[in-house]
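Mind docking chain P on chain H? Use the hints.
So the protein lines, in turn, are chains H and P.
With the working numbering applied, the first sequence closes on residue 389, and no number is skipped along the way.
With the working numbering applied, the second sequence closes on residue 389, and no number is skipped along the way.
One should not assume that every hint holds.
Since the list gives no way to pick one copy over another, a pair counts as held whenever it fits inside one copy or between any two copies.
Taking lysine-lysine pairs in the DSS-like style, the calculated list, with each CA pair at most 30 Å apart, reads [stated by the list, open to error]: (1) K352 x K294; (2) K151 x K121; (3) K222 x K294; (4) K280 x K292; (5) K103 x K121; (6) K83 x K352; (7) K151 x K301; (8) K355 x K103; (9) K209 x K301.
Keep in mind that the hints were calculated from the coordinates and are not lab data.
Protein chains: 2
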Amino acid sequence: MSSLPDQANSPVLNSRERAKKLVLSLQDEICNGLETLDGEGKFIEESWERPEGGGGRSRVLKNGRILEQGGVNFSEVHGKELPPSITNQRPEAKGHSWFATGTSMVLHPKSPFIPTVHLNYRYFEAGPVWWFGGGADLTPFYPYLSDTRHFHAVHKNACDSINPSLHKVLKPWCDEYFFLKHRNETRGIGGIFYDYQDGSGQIYKGQKKDGKAASISKEVGNCSLTWEELFSLAQACGKAFLPSYEPIINKRKNQNYTDKERDFQLYRRGRYAEFNLVWDRGTIFGLQTNGRTESILMSLPPLARWEYGFKPEKNSREALLTDLFTKPQEWFNDNSLEERCRQYQALD
Amino acid sequence: MSSLPDQANSPVLNSRERAKKLVLSLQDEICNGLETLDGEGKFIEESWERPEGGGGRSRVLKNGRILEQGGVNFSEVHGKELPPSITNQRPEAKGHSWFATGTSMVLHPKSPFIPTVHLNYRYFEAGPVWWFGGGADLTPFYPYLSDTRHFHAVHKNACDSINPSLHKVLKPWCDEYFFLKHRNETRGIGGIFYDYQDGSGQIYKGQKKDGKAASISKEVGNCSLTWEELFSLAQACGKAFLPSYEPIINKRKNQNYTDKERDFQLYRRGRYAEFNLVWDRGTIFGLQTNGRTESILMSLPPLARWEYGFKPEKNSREALLTDLFTKPQEWFNDNSLEERCRQYQALD
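Just chain H, same shape as in the assembly:
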């Protein structure tokens, strides 16, 4: 991998080096944790260079005991000019060379009772500007309220450790970002998401219009985070991932499933592919910057199904997913959720 480019405009000493080290160590920690958890599957590593500058380290686990496929990427790339999908959002970055480093992960478990999960933390510098972005979100097939609350609680704690007014912004932002407009569904039960965090004293809310990322327009919070705090936020949330997911695996891994349940999982994985290919800004960025296609599309499911006109039976556990768990909810504060889940014979 080529060396880091000039850091003359860096916001703090060794900003690029520190961000890179953080995401590298998150990749290591998560891969080690997942191998232990899976008990069988091992990550295969592949390093690659990007002809235009930088490179990465992709790790893939296939056909584990629990994970059907898992991919954890690290990349550190740089270039002369950011693509329009980014400069539309950050006009100050236009005309400047840029640096980006991040880690991203998608896990596709075998069992339809264990949710698919995604994580991504990234850092950009371009001329006079820098910013952090990232998040984690959970996509269950057969959803459980307790699992949902657990995932959110662990991420809320991580956010609170930096600033207690953060989570109430990052949670709805996640619901908004991971949204399939053409299906009127969220990708799953959400989690946290943020982007373009530049320490300017405002927390921005990204909005999407007509399939394109629109201008950053809306201040939704009033807590001001420094570079150090944003660095710590990525660190805290990244480290929260294993504790947010591991108990769900352990609770669900011995539940037997039927072919029908597996079929429903594959059908819903089709939605996951739709989101990633049609709406995901990270995927679009990767494809526009001549990124490494295999690493970018590592998020796609190992097997997926589409079925014309599929409608789940009324009050079935399959209907519960689309009626309740792919709509934004106040998971902690809405006491009607238990009762509503019971109507669908959803045990916990």
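Below, chain P alone, put in the same frame as chain H:
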């Protein structure tokens, strides 16, 4: 279905009614032909209305003897203003109400030896402008040179029956349109494609830049087609579909296939989903105009696979697909193709 809107600006008498009848009759003819061919599967029809105006008739065949899934749509829709994906290409249409009718089809056969195939013929009117578009293209998994040449020859004859200078434009246009830039692959062996044919005396060539349909810029032919000729072109090519595909099915339907060959088919179907969700203008148009998602995404495969870092064995029949059959070729005029196919043990 609501009645046709005002035709004050129509280019010929009853233009909308005639175009609608044509695509409806193509849908009928193709569905009947496919049911006979399949011998078991039957199309299930569903009619639907579009809240903003118009509607359609979707037909789906599932789990046939030969076809794992087939969808043949008809739609006739109208609205107040076309979306940017179209008005960028046809600025004269801006600010005018519009009318569109078309038929589109995707077939996903069970056997990896029978190619997936797509067809679409459509007609637009918007204020002072009208245009025809359409085409058909074939996506083999285990490609055969004779099948490829047959599919192209039947479509060439249909084009020639209208104007002998057409095919040399519509064939490369198809290669260019059905192209996965992020994979540097064509979707398959091509066929014919055209769009924005408005009788203005020029045949335009659509170009794609940065994932968006860019402005129509390049005149590549000099034959001038009238409304009547363009109508006849859609008719001739639409009617060419069954004779272009039926002999391929009959030749391949009794070839046994292994699990490995089926797996490769599912893997390549992933590419099909990638093209349709990332690059296809028809899909983008549908999602932008609040189209019927289930009908738009009927083109997606019933089952698809993604595998990180898959590389076919050198000189294998799987390698033949990416080495030769997902690159634009002069199928009729290149005498080296037979010899090159033999290097991959490709029988015919």
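Evaluation of the provided hints:
1. K352 x K294: within (27 Å within a copy, 32 Å between copies)
2. K151 x K121: neither (41 Å within a copy, 47 Å between copies)
3. K222 x K294: neither (32 Å within a copy, 40 Å between copies)
4. K280 x K292: within (21 Å within a copy, 57 Å between copies)
5. K103 x K121: neither (36 Å within a copy, 50 Å between copies)
6. K83 x K352: between (37 Å within a copy, 20 Å between copies)
7. K151 x K301: both (14 Å within a copy, 21 Å between copies)
8. K355 x K103: between (35 Å within a copy, 23 Å between copies)
9. K209 x K301: neither (37 Å within a copy, 49 Å between copies)
The structure fails to meet hints 2, 3, 5, 9 from the earlier list, while all remaining hints are met.
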